Amino acid sequence: MKRAARQFAFYALLLGAWWLIARLHIWPPYIVPPPVDVYNALKDGFEDHSLLIAIGVSSRHMLLGYGISVILGMFLGISLAASQYLEETVGGLLVSLQSMPSICWLPLAVLWFGLSENAILFVIVMGSTLSVTISMETGRKQMPKIYSMAGRNLGARKWNLFYYVLLPASMPYIITGLKQGWAFAWRSLFAGEMLSLSLGLGQRLNAGRDNNDMPQVIAVMILIVAIGYIVDGWFFRSVERRLHHKWGLLPST
Amino acid sequence: MSATPNLVEEVLKQEQDHASGSPRATLPAPKLCLQDLSLHYRAADRSKLLALDKINLQVSAGEFLCIVGPSGCGKSTLLYLIAGLHEPSSGKVLMDGKVVERTGTDRIMIFQEHGLFPWLTVEENVEFGMKMKGIKKAERREQTHEYLKMVHLQKFQKSYIHQLSGGMRQRVAIARALATEPDVLLMDEPFAALDAQTRDLLHDELERIWAKTGRTIVFVTHNVREAVRLGDRVAVFTFRPGRVKREYKIDLPRPRHLEDAAVAGTAREILNDLREEIDKSLAAEYESGVQR
Chain A
545 MKRAARQFAF YALLLGAWWL IARLHIWPPY IVPPPVDVYN ALKDGFEDHS LLIAIGVSSR
605 HMLLGYGISV ILGMFLGISL AASQYLEETV GGLLVSLQSM PSICWLPLAV LWFGLSENAI
665 LFVIVMGSTL SVTISMETGR KQMPKIYSMA GRNLGARKWN LFYYVLLPAS MPYIITGLKQ
725 GWAFAWRSLF AGEMLSLSLG LGQRLNAGRD NNDMPQVIAV MILIVAIGYI VDGWFFRSVE
785 RRLHHKWGLL PST
Chain B
8 MSATPNLVEE VLKQEQDHAS GSPRATLPAP KLCLQDLSLH YRAADRSKLL ALDKINLQVS
68 AGEFLCIVGP SGCGKSTLLY LIAGLHEPSS GKVLMDGKVV ERTGTDRIMI FQEHGLFPWL
128 TVEENVEFGM KMKGIKKAER REQTHEYLKM VHLQKFQKSY IHQLSGGMRQ RVAIARALAT
188 EPDVLLMDEP FAALDAQTRD LLHDELERIW AKTGRTIVFV THNVREAVRL GDRVAVFTFR
248 PGRVKREYKI DLPRPRHLED AAVAGTAREI LNDLREEIDK SLAAEYESGV QR
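Respectively, the protein sequence lines represent chains A and B.
Note that the working numbering numbers the first sequence so that position 156 is 700, with each residue one more than the last.
Note that the working numbering numbers the second sequence so that position 209 is 216, with each residue one more than the last.
Derived by calculation from the structure, the hints in this document are not laboratory data.
Hints should not be assumed to be uniformly reliable.
To be verified - List time: in silico DSBU-like cross-link candidates among lysine-lysine, alpha-carbon distance up to 30 Å:
no.: 1; chain 1: A; residue 1: K702; chain 2: B; residue 2: K105
no.: 2; chain 1: A; residue 1: K790; chain 2: B; residue 2: K165
no.: 3; chain 1: A; residue 1: K546; chain 2: A; residue 2: K790
As the list claims (entries may be wrong) - Between beta-carbon pairs, the in silico distance windows are:
no.: 4; chain 1: B; residue 1: E294; chain 2: A; residue 2: Y773; range: 51 to 59 Å
no.: 5; chain 1: B; residue 1: S54; chain 2: A; residue 2: P688; range: 22 to 30 Å
no.: 6; chain 1: B; residue 1: E292; chain 2: A; residue 2: V769; range: 53 to 61 Å
no.: 7; chain 1: B; residue 1: G141; chain 2: A; residue 2: P688; range: 21 to 29 Å
no.: 8; chain 1: A; residue 1: Y773; chain 2: B; residue 2: H93; range: 45 to 53 Å
no.: 9; chain 1: B; residue 1: R53; chain 2: A; residue 2: G772; range: 47 to 55 Å
no.: 10; chain 1: B; residue 1: G141; chain 2: A; residue 2: D776; range: 39 to 47 Å
no.: 11; chain 1: A; residue 1: D776; chain 2: B; residue 2: K165; range: 29 to 37 Å
no.: 12; chain 1: B; residue 1: K165; chain 2: A; residue 2: D588; range: 51 to 59 Å
no.: 13; chain 1: B; residue 1: E283; chain 2: A; residue 2: S782; range: 53 to 61 Å
no.: 14; chain 1: B; residue 1: S295; chain 2: A; residue 2: P645; range: 43 to 51 Å
no.: 15; chain 1: B; residue 1: E108; chain 2: A; residue 2: Y773; range: 52 to 60 Å
no.: 16; chain 1: A; residue 1: S782; chain 2: B; residue 2: E120; range: 24 to 32 Å
no.: 17; chain 1: B; residue 1: E94; chain 2: A; residue 2: F706; range: 47 to 55 Å
All of these numbers come straight from a predicted model, not from anything done at the bench.
A virtual CB, placed ideally from N, CA and C, is assigned to each residue, including glycine.
Same shape as in the complex, but just chain A:
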């Protein structure tokens, strides 16, 4: 309760400071708009459905792109785990590709797919697949050997060993990978959407720039942060919390 009060006070203070700075007119309103303009931009956007449509379109991109990433990333992760040769060759390549910021895939994506939805999906997939793969790799390497020993000892073989022992044993790493993959996909999404004509949130953001409409730019940015926070903070964290409770990996606080 106290914590919520502190947080509320902090955001109230932040909003007040913003209001004050805008009020002082140090910068013109098209550079620093007052909070109420941003609120109106949000309200208008929801009233004329343009922001709802944008959220819908962006969600669709995320579901498709992230879905492909998860399937591909897990498949790659399992293949790498199964073969030493693949791990030494493909594994090394993936780690080096992971250092590429996803926006750098954009020129290639545009040349391959044009200014289309496929280009956006491609950027998301390239941005987030690898972090899912790499976490699965790490999971396999760091998972205590005793689980697979105990599993084999108790009569689990092949598929049973994988499904009932190795998979649950690496679940903490898989969740971390899915969470990281989500974060990367979310970042890549806007890199992709800002460029193409997609009606997504990224494109709304860009439209704000083109119309010199600062309230809209800030409104969309707030929306992006809020959605990101809800998915990460509510969904992934509650999954993690449940797992940590089961395993006894509770944080010390």
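Chain B: place on chain A using the hints.
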């Protein structure tokens, strides 16, 4: 010591006799028979290290054999070989006269770090082996409760592993092992990480369970007194490469206690024998410490 190979030949002969139905077959064949079992492995510097050197040991059905030795004598490795989790470089493990080639639920390990699955409840851990065997759920549950009762943990069936104390975890591990109905329990220093009081209790409990179920137990420890407290027989291993230095038959009456004068006396005798090996192990440790 030199008598050991002859013993093996004799046992083998008995087995042959058993097969041909001769009158000598009335003698029970050993449950477990290790023949010239050796294991090399590659050390970090690529040199070949001999961990176990031609181990010959027999364990009769229902016997409680303890193996003691300094750390690094390969005594744990021996259990992994019996369990089929590792493959020997040469020699073989015979179980009821059949060569062990892979893991099987007739030989179940209990690990020092218990190896329980943190994603499963106590109950689900215990029934894991039965589930792998394809036993139906209702029957699994019934059996599980039986075994949990045996280790006095029926109240904790829905708990997760991290909610239990060290001693309780080992009891779950024992229940999980028993639930697969193994012929042989392979225990790898199961009580080494526990406090003295808990260990005393678990000694009593293990002895009781062993008497009740009649399982064969191979119990590895570096604690000689624990070995004398529990075992029908104690085999002393040498330091690297691991060999059977000597075997002691422990005829003390049961139930025994760790503080019994007779237990302490026998333990001292064995410890004198072991001292030399422990010194070697320590010397090797110091030496490698200097190199580092």
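Subject >> Indices of hints not satisfied (ascending) >> reply: Violated: hint 17 alone.
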